[in-house]
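Novice: What follows is the residue order along each chain.
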Amino acid sequence: MRWGVVTFPGSNDDHDALYALDHVLGQDAVSLWHKERDLKGVDCVLLPGGFSYGDYLRCGAMARFSPIMESVVELARRGGFVWGVCNGFQVLCEAGLLPGALIRNRSLQFICTPVQLRVEETETPFTNQYTRGEIISIPIKHGEGCYIADPVTLEQLEENRQVVLRYVDSSGRATPEANPNGALNNIAGIVNAQRNVFGLMPHPEHAVEKLVGGEGGLRLFQSLITAHADGTHRPAAAVAPGH
Amino acid sequence: MRIGTEPVSKAEALDHGLSAEEFARICETLGRAPNLVELGVLSVMWSEHCSYKSSRRHLKQLPTSGPRVLQGPGENAGVIDIGDGLAVAFKMESHNHPSFVEPYQGAATGVGGILRDVFTMGARPIANLNSLRFGSFDHPRTRYLVNGVVAGIGGYGNCIGVPTVGGEVYFDAGYNENILVNAFTLGIVRNDRIFRAKATGVGNPVIYVGSKTGRDGIHGASLLASAEFSGEAEEKRPTVQVGDPFTEKLLLEACLELMELDAIVAIQDMGAAGLTSSSVEMAGRGGLGILLDLDQIPVREMSMTPYDMLLSESQERMLIVARAGAEEIVQGVFRKWDLDAAVVGSVTEDGLFRATFHKQEVVCLPVGLLTDDAPAYDRPANPPDDFDTLQVLRLDRIPPPGDYSQTLLRLLDSPNIASKAWVYRQYDSLVRSNTIVGPGSDAAVLRVKGTHKGIALSVDCNSRYCLLDPYVGAMIAVVEGARNVVCSGGVPLGVTDCLNFGNPEKPAVMWQFTEAIRGIRDACVALNTPVVSGNVSFYNETDGRAIPPTPSIAMVGLLDQLEHHTTQWFKAEGDQIVLLGRTREELGGTEYLAIEHGQVQGAPPWIDLRVEKQVQQVCLQAIREGLVRSAHDVSEGGLAVCLAECCITGPDPHLGAAIELEGAIRPDALLFGESQSRIVLSVRKRQLGRLREIASAEDVTLTVLGEVRGRRLVISPLIDVDCEELARVYYNALPRRMAADAQPSS
Amino acid sequence: MRARVFITPKKGVLDPQGKAVERSLHALGFAEAHDVHLGKYIELSIEGGDRAQAERRTDEMCRRLLANGVIEDYRFELQD
Amino acid sequence: MRARVFITPKKGVLDPQGKAVERSLHALGFAEAHDVHLGKYIELSIEGGDRAQAERRTDEMCRRLLANGVIEDYRFELQD
Ligand SMILES: Nc1ncnc2c1ncn2[C@@H]1O[C@H](COP(=O)(O)OP(=O)(O)O)[C@@H](O)[C@H]1O
Ligand SMILES: [Mg+2]
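Residue numbers (the working numbering), protein chains in the order written: chain F, 1 to 243; chain H, 1001 to 1746; chain G, 2001 to 2080; chain P, 3001 to 3080.
By construction, these hints were calculated from the structure, which means they are not laboratory data.
Among these hints, one or two may not hold up.
Quick list of in silico lysine-lysine cross-link-like pairs, DSS-like style, CA-CA up to 27 Å [as the list claims (entries may be wrong)]:
hint: 1; chain 1: H; residue 1: Lys1198; chain 2: H; residue 2: Lys1060
hint: 2; chain 1: G; residue 1: Lys2011; chain 2: P; residue 2: Lys3010
hint: 3; chain 1: H; residue 1: Lys1053; chain 2: H; residue 2: Lys1336
hint: 4; chain 1: H; residue 1: Lys1336; chain 2: F; residue 2: Lys40
Cβ-Cβ distance ranges computed for the label pairs, FRET-style [what the hints assert, rightly or not]:
hint: 5; chain 1: G; residue 1: Glu2077; chain 2: H; residue 2: Arg1736; range: 42 to 50 Å
hint: 6; chain 1: H; residue 1: Arg1193; chain 2: P; residue 2: Lys3010; range: 25 to 33 Å
hint: 7; chain 1: H; residue 1: Glu1361; chain 2: P; residue 2: Lys3010; range: 58 to 66 Å
hint: 8; chain 1: F; residue 1: Arg132; chain 2: G; residue 2: Glu2077; range: 49 to 57 Å
hint: 9; chain 1: F; residue 1: Leu108; chain 2: H; residue 2: Gln1391; range: 42 to 50 Å
hint: 10; chain 1: G; residue 1: His2026; chain 2: H; residue 2: Pro1375; range: 50 to 58 Å
hint: 11; chain 1: P; residue 1: Glu3072; chain 2: H; residue 2: Asp1373; range: 36 to 44 Å
hint: 12; chain 1: H; residue 1: Pro1140; chain 2: F; residue 2: Leu108; range: 20 to 28 Å
hint: 13; chain 1: H; residue 1: Glu1505; chain 2: P; residue 2: Arg3056; range: 44 to 52 Å
hint: 14; chain 1: H; residue 1: Pro1140; chain 2: G; residue 2: Ala2031; range: 14 to 22 Å
hint: 15; chain 1: F; residue 1: Asp22; chain 2: H; residue 2: His1597; range: 53 to 61 Å
hint: 16; chain 1: H; residue 1: Asp1138; chain 2: P; residue 2: Arg3075; range: 31 to 39 Å
hint: 17; chain 1: G; residue 1: Gly2049; chain 2: H; residue 2: Cys1027; range: 16 to 24 Å
For glycine and all other residues, C-beta sits at the position ideal for the given N, C-alpha and C.
Full structure from sequences and hints, please.
Specialist: Below, the structure written as structure tokens:
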């Protein structure tokens, strides 16, 4: 399948996502420049970590107005895959493709550390290679990763099984101590109701090689590759939108 | 607006920090008194910070060349070849005073500055380190400063996307009023694409790129770092520099992109003394002149004077000498990244630094006067009066601990020994996905993509040793850095230093400085690690009290095969624990003496460079042969702390050890003494024989201490503690102190 | 015209910064401080147009960019 | 008593945040926005004491904790 990784001027983990896709997973991956609208026919757009436009006002606040995001929103509306990691997750919330928002960590500090995650839902194109309840380790590195949403939204997310990943301790319990940033319900990652848009704070692209951070994130990518191959979630038309 | 073209008086010159003799020399050379703008230029270029006037002649003693050295000191960063057509560019720099005044911004802009030094060379930064010194936790401002500095380093490095992979932090009352913030960056560059800051080609355009110029830090780094602090310095405080990492990220990407095109002749960042030093130094290296048209400088504020523009230390700016006709190429790239690029001058053949403003010439100075002919002093140097008494340690008056387990726990609770995770968790250590070993082991290890190689990095300095004996202390800083690199599987390649001292006009400080240089020289010669770049920070004094001498050393090493990378923690039950090197009865300058007996006293541990080299050789050889499961050097806290760290710094669950210790020396020296040239290895039982062979071939003492076993650290008969207890103390020491009630900023 | 924009966390939304500031104030002996909330304050000049237009435009800036309606409220004042 | 504190970057000190917001506003077509500065807005309640005392204490809070005097200015208003 063909992947596109967006580069905003302040993106940092775009190289890492491309490296993971291209070098480690052998995927066809291209870079997408924020000032352009052409998605180059990709099946999945990945919005990487970093500080899109400096993020001095609010994380991801500006990115949603970029030309490339117009096309990304359209791709998502047509059922194409859109995946936001860290800053990418923040952008997706700002753009309204995912509900809720990400605010300052409870500690008010940036945190870079591996965390344990429980895979809550496997019936998504992003997690079909895991078993429900499985615990994986992936690093986080963010200052504003505390997921919040209003009570109604939160309940809906839980009810529809849209909470995909939760911070847990090594025995799998979603305790306050295991929650690195204060996220409500220990939420680390969610999908939208249609399950084609995925946002998470941990960085799976930094967990795809034994040598560098382990392989805890590898199957997130493989899940999507599988889903794409099965055609279960194929977007309506994986071509650049007209403009 | 006062443009400042009238000749200045001697009083004004003294006000600018020049001495009467220096001013007389200037007038004599020029045949006239300089005007105010020129005085500003002269005062910054002749400041200690820019001219190295107290240190220049001493720095010449350092070994700076070697077969791999592509660029030694004198450029923005040093460069060492690592094979495969690649090289590493690296440097360390201080941002001490600014960080004391405004910890967040001071530290942040320190990181920004050192990053520019490295990407100026054409290198893509891949790693940052930081070396920090704070006052004691009893001091009312310490926690505020720690919080701000750490957040500032993280804030800048995380945003620009360069991982911070290691560093060091010490707390000592000697830094209560003068903290140290030293930042290091390493970048990767193709060895045939190194950019330098040497202006050539008369008529070539001089192009200003990056942020606009404001009144930030006028006389900031240069003057602040060239004079002592006192209460009233706060009043004269220039506008504090504020960092803008996002703009720097744009600048970084734009510069690296431009470097792929054939447009740049020379490039230098605008750091201390901004536009002045970057133009003068580029002209100086090329033996040419530069003419600037100050009306073209992009400014942020109205009514900036020529003086302001030339001396501003606004961040995130670079100066480029481009190939004539390449202006459009430069501007095109910068436009893509939404940055300003303005042609502000040209290279001239007259050897003069000239600047015009509103069509009027406001500066006309010989470049030579500002560079090579700047003053250089041979300042008097004498040991401090208390040197001899400091060295005395009466061991017979040091009672042994009552409970060795408790002593070990107290050492693990010392902020100087405890885990620094509270600090480095705030740094993105992963971005760019090269981090094989991040912070928390002896040295960080990064892979070099596209090769089988790795880079190992460590920064070290025990300033307590340096206070007691700057010669020995400096040697130890070098060899400890090398030892850390070796424990991680790397061959030490070269060094950058950041020499932090008090007021060089005091003979005692000057003596500490010269002794430290001698120590660095001897150690670097012995280890074959040239010093390729560095920085001197003098005047770290407040109200006449100098900091402990602190020559921080960053060591860069190379792993030919990445799979040789090694970490410090035990790996498996049953592995044999081995000590390389000998333990002497040395307690001088130890953390044990300070924590348990409240003394900073005695001679620091002795160092025999030949033995050190042999020990490192054995460790490397064993790692290369695949014998070593873990390697950890013995440093602060001695063997007991080293073993505890081997138990608890790895992933859960922590592995214990069963150790039998015997020796003919005092048990506290055996356990907590800090004898040098020691490394603790763990190896599989069946590999022990081969390890013995290697050690005996190098004539290195090898002692089998015991084996990895259980969940307790047992050093019979004196110590027996559960690993979870060790870990609890070790990991909580900093968070506990930092979580205490908030401290005011003033 | 000069606009002053106040952005505050919506009622009920977590405000870790406000909490931290309150804790610090107490630690420093300001026991009388309560119910601390931390928001953003933005000052800007608006060129041209009349007051009504400035009002409309500032509101639009807030809605589109300056505040995130999911978690923040905004208010603004205009001055000549 | 309710206090509203405004903290702004000192004049002459670089304000990358304000600069970034201004750039963003222009990119969104708000060409009329200029001279944008981004600061903090803090609301708190002060219990007990009279107005004069509240004023003195709030000022003290600003100096000691809320504003960073090296790079920021502050102003505040009190309301009953
Ligand atoms: N300021 C810092 N920034 C990043 N990492 C740090 C910092 N201080 C210490 N560390 C990391 O913590 C670990 C222990 O540091 P230190 O005690 O100085 O090690 P050593 O004694 O082996 O030199 C090292 O991996 C080091 O890189
Ligand atoms: Mg070490």
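Novice: Does each hint hold? Answer for all of them.
Specialist: Hints and how they fare:
1. Restraint check for H/Lys1198 and H/Lys1060: the C-alpha separation of about 21 Å stays at or below 27 Å, so the hint holds.
2. A hinted pair counts as satisfied when its Cα atoms are at most 27 Å apart, and G/Lys2011 with P/Lys3010 does not qualify at roughly 30 Å.
3. Restraint check: the Cα-Cα separation between H/Lys1053 and H/Lys1336 comes to about 42 Å, which exceeds 27 Å; the hinted pair is violated.
4. For a cut-off of 27 Å, the pair hint linking H/Lys1336 to F/Lys40 stands: about 20 Å separates their Cα positions.
5. G/Glu2077 and H/Arg1736 have their C-beta atoms about 45 Å apart, which keeps the hinted 42 to 50 Å range intact.
6. The hint said 25 to 33 Å for the Cβ distance between H/Arg1193 and P/Lys3010, and at roughly 42 Å that hint is violated.
7. Between H/Glu1361 and P/Lys3010 the beta carbons are some 34 Å apart, a value that contradicts the proposed interval 58 to 66 Å.
8. Roughly 53 Å separates the CB atoms of F/Arg132 and G/Glu2077, a value that falls within the hinted 49 to 57 Å.
9. Between F/Leu108 and H/Gln1391, the C-beta spacing of about 46 Å keeps the proposed range 42 to 50 Å intact.
10. Remark: the range hint 50 to 58 Å for G/His2026 to H/Pro1375 is upheld by a beta-carbon distance near 54 Å.
11. Between P/Glu3072 and H/Asp1373 the beta carbons are some 43 Å apart, a value that agrees with the proposed interval 36 to 44 Å.
12. Taken as a hint, the range 20 to 28 Å holds for the pair H/Pro1140 and F/Leu108, whose Cβ atoms sit roughly 21 Å apart.
13. At roughly 45 Å, the beta carbons of H/Glu1505 and P/Arg3056 sit within the given window of 44 to 52 Å.
14. Separation of H/Pro1140 from G/Ala2031 is about 20 Å and conforms to the stated range, judged on CB atoms against 14 to 22 Å.
15. Checked against the hint of 53 to 61 Å, the C-beta distance between F/Asp22 and H/His1597 comes to roughly 58 Å, which is consistent with it.
16. Separation of H/Asp1138 from P/Arg3075 is about 35 Å and conforms to the stated range, judged on CB atoms against 31 to 39 Å.
17. For the pair G/Gly2049 and H/Cys1027, the beta carbons lie near 59 Å from each other, so the given range of 16 to 24 Å is not met.
Checked against the numbered hints above, the structure breaks hints 2, 3, 6, 7 and 17 and satisfies the rest.
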